[in-house]
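For this one, chain C is given, so just place chain U with the ligands on it according to the hints.
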Amino acid sequence: MRQVVATVISNEQLWGEHRVLGHLKFLGAWLIWLKCPEIASEAKPGQFIMVNCGEECLLPRPFSIHQVSDDGIALFYAVLVSGKGTSWLSRRKKGDTIKLPSPHPLGNGFSIVSSSKNLLLVAGGNGIAPLYFLAQDALKGKRSVTLLYGTADNKRRSIPPHIKLVSATEDGTVGHRGMITDILPDYINWADQVFACGPLPMYQAMAHMSELKNKPVQISLEVRMGCGLGVCYGCTVKTRNGLRQVCQDGPIFELDDVLWEELADGGV
Amino acid sequence: MKLSVQLAPKNKRGLLLANPVMTASGTFGWGTEYEHLFDIQRLGAIVGKGTTLKPREGNPQPRLAETPCGVLNAIGLQNIGVEAVIKEKAPIWAGWRVPVIVNIVGETVEEYASLARKLDGVGGIGGIEVNIGCPNIEAGGDEFGAHPDSAAAVTAAVRAATSLPVMVKLTPNTGDIVGVAQAVAEAGADALSLINTPRGIVIDIARRRPLLGNVRGGLSGPAIRPIAVYMVYSVAGAVKVPVVGIGGIASASDALEFIMAGASAVQVGTANFTNPSAPIEVLEGIEEFMAKEGVEDIAELIGAGRG
Ligand SMILES: Cc1cc2nc3c(=O)[nH]c(=O)nc-3n(C[C@H](O)[C@H](O)[C@H](O)COP(=O)(O)OP(=O)(O)OC[C@H]3O[C@@H](n4cnc5c(N)ncnc54)[C@H](O)[C@@H]3O)c2cc1C
Ligand SMILES: Cc1cc2nc3c(=O)[nH]c(=O)nc-3n(C[C@H](O)[C@H](O)[C@H](O)COP(=O)(O)O)c2cc1C
Ligand code: FES
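As you go down the protein sequences, you meet chains C and U in turn. So the first sequence is residues 1 to 268, counted in my numbering. So the second sequence is residues 1 to 307, counted in my numbering.
Mixed in with the good hints, there may be bad ones.
Claimed, not checked - Chain C is faced by these chain U residues, among others (derived, beta-carbon under 10 Å):
| no. | residue |
| --- | --- |
| 1 | Gly26 |
| 2 | Trp30 |
| 3 | Tyr34 |
| 4 | Asn59 |
| 5 | Pro68 |
| 6 | Val71 |
| 7 | Asn73 |
| 8 | Leu77 |
| 9 | Gln78 |
| 10 | Thr274 |
| 11 | Pro276 |
| 12 | Ala291 |
| 13 | Gly294 |
| 14 | Val295 |
Said to hold, decoys possible - Taking CB as the label site, the calculated pair distances span:
| no. | chain 1 | residue 1 | chain 2 | residue 2 | range |
| --- | --- | --- | --- | --- | --- |
| 15 | C | Gly95 | U | Asp142 | 53 to 59 Å |
| 16 | C | Glu55 | U | Arg207 | 26 to 32 Å |
| 17 | C | Ser111 | U | Glu35 | 56 to 62 Å |
Just so you know, these hints were derived from the structure itself, not from any lab. Glycine included, C-beta positions come from ideal geometry on N, C-alpha and C.
Chain U with its partners taken away, still in its complex shape:
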């Protein structure tokens, strides 16, 4: 049975995953935290926490709220900064079989480029995921990924700064997901991953104010799954680069929805919190499904559910 997928077919190094199941940024640490719980080397890939040029402290408490079938988070990109990632984490990853992808976030186009330059050529890093769901400080605070031109500008700058495979992570907080996807693919992305979290607010009625310290948060979990499947379906029909599906995946059947909608791989996020071995269970479930249905190659399933 063939489970491997190539996420960067046009890139010299390529980004070959042994199977299509990855972990989502911000929900799986650096991989090391789960090593004692199960064999993380079985995963298709691990995506690290959103990384910025300088370490960031993140938002005030509370940072998490539970909503019906969802989680609203406003962590505020607390992270150790790119230098520490390169010095402390990458050497560990260099000894792993599973590829690790670094998720980068900037406040300006130049910051994204500079992050990509720093990561270029560092051993142990299999690729870059560009999180364009961050407010564009130079352009009034809309997310970079809200508009095709700003999304393309970030992508082009990152592309020019590194030879690593580049996957751009799309935000659902846009009126034109297909336009953004096409612009990003055009600007040189090897792959697209989607979706990041749609924005939300929870009001604490006892205190008469927003529950989260940051007021706004990003919604994840099964609550966003149909929206994510819709966006993957729309984008996969409009671009030629591989698409990675993210949003509320907790089981193999959830993952298969995305794959049949056109995703070449998937990422498991919030489900890791209640079940750290969810990604492995998703993988085993996909294998079972393929065995039962007589599917030889996962490629036969990619896009198989498009009407």
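Next up, chain C with everything else stripped away, as it sits in the complex:
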């Protein structure tokens, strides 16, 4: 099996530059649809793929699977300030081809317990990427989904259909003014399971929340990756259960398992 060559079906900018707590962090958010039926048919929410972002990138870039269709997948990606790979990706046009080192979706994915009826999804900014797919998948199973969505403002949001939305914005243009973690405690009782994706400070705040102590909480972890296949050991983190490779054993972990203090010091 050779590398997958995926054709770009569409690649559109959803919004322009956005700041996180006042600092310019991203040059924009994009949605790209790739034709790759082999991955689409296997993909589970929370899994990711590695993407070769041009000749100049010697490491492929990991992106969560954001949506799936019959013959393709969508990625939701933020272009980083001086991000080599993400800016290359944003220049791809319809019909261009993109190489994916592995023909399979990677990582473990979220797991919904069969008895869970009420799913609480917590997205911080670009953390909507894997949760969109999770929300769509969960609705198929007649569950109720509430999405707590924290963003900079009301323009920079990508909202999955048919879910209950609760918003927080840093500028207060919609919903609660402030962080999504401010209002999270109000929804915990309702939830059978909590699923979160967002920046490190969001996870750290959640790790300190006493209300979450006895809830099953799954989060998606971001670290630098080399191979995505479990061979390079570039992605290893320490957890309460020992060393784990984020690309194989993750990227989804129980909130309690991750040693957040150690990760915070390293950064990505």
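Using the frame of chain C, we list chain U with the ligands on its own:
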């Protein structure tokens, strides 16, 4: 067309590769991880992850940084330890056609010897690659491979401890690569492989500190290729044992540079990350080149580019 190469002509068992394309240590796992992607049995040989006596946890995050045409890594030799390799991996390899070479790393000469002793006679292991790019704890932390005497001491100890073919992997972090190569060959190495990663640092200017958790890392990828070709060229002209070229190989033409500089075989490393079938493409490209140029035996190309 003859592609096979013998990497340990003086060794009783020998180390015969069906073709000169191998995978580099630390970039191809144990081979098993790629089995579902392509037919790994077509490779010349697979080199496993650096293996130590006891399992190692490796370095803090971040462990990887991308640099212009290169990758800086500080994995810190995270591995499952030699006992687990013998128990869990070797039995799988025993059923393979492709030879698997175990890459060993010690902190003392005795550790290297003890690793070699443990691997001796284990089914499924085709040879040992001795990584001498590790700090010598007893001698103040310079790499074993930095000096001819310490490199030779490791080689001699490993040689005495095993009858397996022994390939010593040279580090570029020395002022005397030819001296080290000669000393290692003299001490009983069947073959030499080079290069391991030159040291480097990336500073994260936003955080005002080194980007990698370990501060220092090792550089790989096309950025190091001309340095590696130079070192292979120099070493191949100075020793009689087979030389294996490593450093930034992503295509057949890259591999042919090393072969023409004097390498009998090559290893593909960082290129596996963006293209797991890179080694197979390198192999097919070499075959095409030989067909086009009317070359019957790969041996005709080894050293063919030396001026
Ligand atoms: C499992 C997983 C899923 C992800 N899903 C998404 C997603 O759906 N949408 C999205 O926008 N981003 C996602 N990311 C983050 C994304 O991988 C990085 O933003 C991207 O690699 C940056 O590449 P760059 O070349 O633009 O940045 P550069 O800074 O030029 O990259 C240099 C190196 O650092 C790595 N790197 C830089 N930032 C990150 C980061 N935050 N996380 C991991 N590696 C990083 C790059 O992969 C590359 O190896 C995910 C990360 C992981 C680990
Ligand atoms: C992530 C990574 C891990 C590595 N681990 C090892 C190792 O355990 N032992 C070793 O001898 N070399 C190790 N190397 C070095 C490679 O085997 C090879 O010598 C080097 O990367 C140069 O080849 P390349 O440019 O083709 O990658 C590692 C390299 C990388 C990138
Ligand atoms: S990214 Fe290589 S082991 Fe996880």
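Against the structure, the hints:
{"no.": "1", "hint": "Gly26", "verdict": "7 Å, holds"}
{"no.": "2", "hint": "Trp30", "verdict": "8 Å, holds"}
{"no.": "3", "hint": "Tyr34", "verdict": "7 Å, holds"}
{"no.": "4", "hint": "Asn59", "verdict": "9 Å, holds"}
{"no.": "5", "hint": "Pro68", "verdict": "8 Å, holds"}
{"no.": "6", "hint": "Val71", "verdict": "5 Å, holds"}
{"no.": "7", "hint": "Asn73", "verdict": "7 Å, holds"}
{"no.": "8", "hint": "Leu77", "verdict": "9 Å, holds"}
{"no.": "9", "hint": "Gln78", "verdict": "4 Å, holds"}
{"no.": "10", "hint": "Thr274", "verdict": "5 Å, holds"}
{"no.": "11", "hint": "Pro276", "verdict": "6 Å, holds"}
{"no.": "12", "hint": "Ala291", "verdict": "21 Å, violated"}
{"no.": "13", "hint": "Gly294", "verdict": "28 Å, violated"}
{"no.": "14", "hint": "Val295", "verdict": "26 Å, violated"}
{"no.": "15", "hint": "C:Gly95 x U:Asp142: 53 to 59 Å", "verdict": "55 Å, holds"}
{"no.": "16", "hint": "C:Glu55 x U:Arg207: 26 to 32 Å", "verdict": "28 Å, holds"}
{"no.": "17", "hint": "C:Ser111 x U:Glu35: 56 to 62 Å", "verdict": "26 Å, violated"}
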